[in-house]
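Trainee: In case you want the letters, here they are:
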Amino acid sequence: MSDVRTAGDDHLVIAGRTFRSRLLMGTGKFPNPRTMVQALAASGAEIVTVALRRVDLSRPQEDILAHIDRERYLLLPNTSGARNADEAVRLARLARAAGLADWVKLEVTPDPRFLLPDPVETLRAAEVLVREGFTVLPYIGADPVLAKRLEDLGTATVMPLGSPIGSGRGLLTRESVEIIIEQATVPVVVDAGLGVPSHAAEAMELGADAVLVNTAVAVARDPVVMAAAFRKGVEAGREAFLAGRAPVSRQARASSPLTGFLRDEP
Amino acid sequence: MTFEEFWRHSDVAGLVAQAERALPDQVERALARRVVDLEGFLALISPAAAAFLEPLARQAQSLTQERFGRVVQLYAPLYVSNDCVNACVYCGFNRHNPIRRTTLSLAEAEAEARVLWKQGFRNLLIVSSENPTAVPVSYFEALTQRLGSRFPSLSVEIYPLDEDGYQRLARAGVDGVTVFQETYEPDRYRRVHPAGRKADYSWRLATPERAARAGMRRVGLGALLGLGPWRLEAVGLALHALWLERRFWQTQVTISFPRLRPAPGGYTPPHPVSDRELVQLMCALRLLLPDVGLVLSTRESPELRDGLSRICVTHTSAGSRTEPGGYTRPGQADVQFRVEDRRSPAEVAARLLELGVEPVWKDWDAALHDTAP
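These protein sequences, in sequence, are chains F and C.
Numbered according to the working numbering, the first sequence spans residues 1 to 266.
Numbered according to the working numbering, the second sequence spans residues 1001 to 1373.
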């Protein structure tokens, strides 16, 4: 679990880099590049992920990267589309060779429908990429043992899903994510499935170090306002976590207890 | 079990009858769910559901945005040959039609692709008539290898191959196979495909599973709308897609909606499908199959294409020529069908942006091919 800090000096640290924002943003599914740029700004995010398969280096003017201010955001290329370790590794190497980044969000999703991550191939790919010096942020099912195995390999974070990508169903994996957070020594980023800011707040209240959001913002009626709302949800959840919630009780706590007449016997 | 066994054991007539006689409250019950099962799908393609087109479209839009985003992928067809051994009664390339025929050399095909690349396309669909002598598998292998470095995604819409043929193409860099069944009704199929290799219904019906087994990432289905009663074709497409998704869990299924259009040879479709029925069918399939790609070509008018791009279409062509050589030397050979949307790719892309849909030119990468270095 993260060190307990006060809200004033609370920062997210991934692989030695410090970030003020705990909201990571995806860049897919937006209706146009301008809306994406405005939504990224409104979210306050400092890390944005881009699908390498969308990047077209032969068209630098129109490409999605042309719209992302690399001074302002840390670019986190992702390997979406890869269905095995070899494909993911190839994509990451190409990204590095093209000078995009040494950071990679590792996604290995062999099924095109639910886009659920393949634990075996993800672990294999992480092993290779860490060895080659990449900063690896793996997208995984909410499997606490897999999270530890990846951490042992040297990944910079673990990124368990809340529910299937794009589903907006929230933190359905809550019980497992709690265990992952409790055991982790690297930042835990809840990725995928968060549909509304309260879902993000819930993940942060549990002690997640950050969340990643894409569809919920990109396909909202007003993506820019929704991005700002997620920013607040993440901040509220983080502050609540730092503040330490009041104990949970099933019963009301009367201020004048019925048994108040009893005195401690000498 | 093959799909054909499954299909022949299905009570297709019963399913179609169920779709024909669904009642409004069954439609409402289906619409109350976000994603429907086969029974809900039958209600949604019913005549009764025609009165619910607007709520159906809203739900289809919401699901499409959730699964695919507010984006449409652009591709272009690259016709390489119209020299055909078949005699499909509805097709402009029918071997009996006195049309100007040609097969592009590899260099000519590459020149066509260069035009498309300059227009911005990174995703090509290589299309050919059936003529294994003029365009053997080795032709497509060689063409794919020539185009691979510029086009991260290459699909084929060519005559059915055996599994070995698809493996060869996959190794060369092809990632998708589109093959329309034309009609799922065996008797009708025989009547409209009287001769040539295409007369074999079963061989064609098993093609998508051969392609998927060979490792193709995308497999495209379709029925020629207008040949037969559309609700039967709808049931065929639905069952075929569901069956493929279950068995080939790593394969993306897409469905195209080719509506028969006037063609040389003068074929008049006996069961024309209206615009409203086409929209109903596409939206109903979206609710049944939220993750299936829905493809609409330039056979359709700009108005219809624009409208459907906001609702459920995920892949669309633009600026298409349907004659071999049409991008470099338009009008030198005859077309397969007349294009209704004659806007340039740039115009289509600009219009999509106006409609709140981002046109995506590249959504695949050569590194994702098993054959990549």
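Don't read these hints as lab results, they were simulated from the structure.
Quick caveat, the model's predicted, so the values are computed rather than measured.
Just so it is clear, CB atoms sit at the ideal spot from N, CA and C, and this is done for glycine as well.
A few of these clues could be false.
Okay, the calculated beta carbon distance ranges per label pair [said to hold, decoys possible]:
1. F:R169 with C:G1266: 31 to 37 Å
2. C:E1110 with F:V225: 45 to 51 Å
3. C:E1354 with F:S249: 54 to 60 Å
4. C:H1096 with F:A98: 50 to 56 Å
5. F:R169 with C:R1329: 50 to 56 Å
6. F:R20 with C:S1062: 49 to 55 Å
7. C:E1354 with F:D69: 38 to 44 Å
8. C:H1096 with F:G99: 53 to 59 Å
9. C:L1038 with F:A236: 51 to 57 Å
10. C:E1354 with F:Q61: 15 to 21 Å
11. C:R1029 with F:H67: 43 to 49 Å
12. F:R169 with C:P1272: 37 to 43 Å
13. C:E1005 with F:G16: 55 to 61 Å
14. C:L1053 with F:H67: 33 to 39 Å
Trainee: Next step is simple, just say for each hint if it's right about the structure.
Mentor: Hint check results:
Between R169 of chain F and G1266 of chain C, the C-beta spacing of about 53 Å breaks the proposed range 31 to 37 Å. Distance hint check: the CB atoms of E1110 of chain C and V225 of chain F are about 48 Å apart, consistent with the given range 45 to 51 Å. Between E1354 of chain C and S249 of chain F the C-beta distance comes to about 56 Å, which sits within the given range of 54 to 60 Å. For the hinted restraint 50 to 56 Å between H1096 of chain C and A98 of chain F, the CB-CB distance of approximately 52 Å keeps it satisfied.
Checked against the hint of 50 to 56 Å, the C-beta distance between R169 of chain F and R1329 of chain C comes to roughly 53 Å, which is consistent with it. For the pair R20 of chain F and S1062 of chain C, the beta carbons lie near 34 Å from each other, so the given range of 49 to 55 Å is not met. Between E1354 of chain C and D69 of chain F the beta carbon distance is about 25 Å. The supplied range of 38 to 44 Å is therefore violated. For the hinted restraint 53 to 59 Å between H1096 of chain C and G99 of chain F, the CB-CB distance of approximately 57 Å keeps it satisfied.
Between L1038 of chain C and A236 of chain F, the C-beta spacing of about 44 Å breaks the proposed range 51 to 57 Å. Between E1354 of chain C and Q61 of chain F the beta carbons are some 20 Å apart, a value that agrees with the proposed interval 15 to 21 Å. Between R1029 of chain C and H67 of chain F the beta carbons are some 44 Å apart, a value that agrees with the proposed interval 43 to 49 Å. Checked against the hint of 37 to 43 Å, the pair R169 of chain F and P1272 of chain C passes, with Cβ atoms roughly 42 Å apart.
A C-beta distance of roughly 59 Å is found between E1005 of chain C and G16 of chain F, which places it inside the suggested range of 55 to 61 Å. Checked against the hint of 33 to 39 Å, the pair L1053 of chain C and H67 of chain F passes, with Cβ atoms roughly 36 Å apart.
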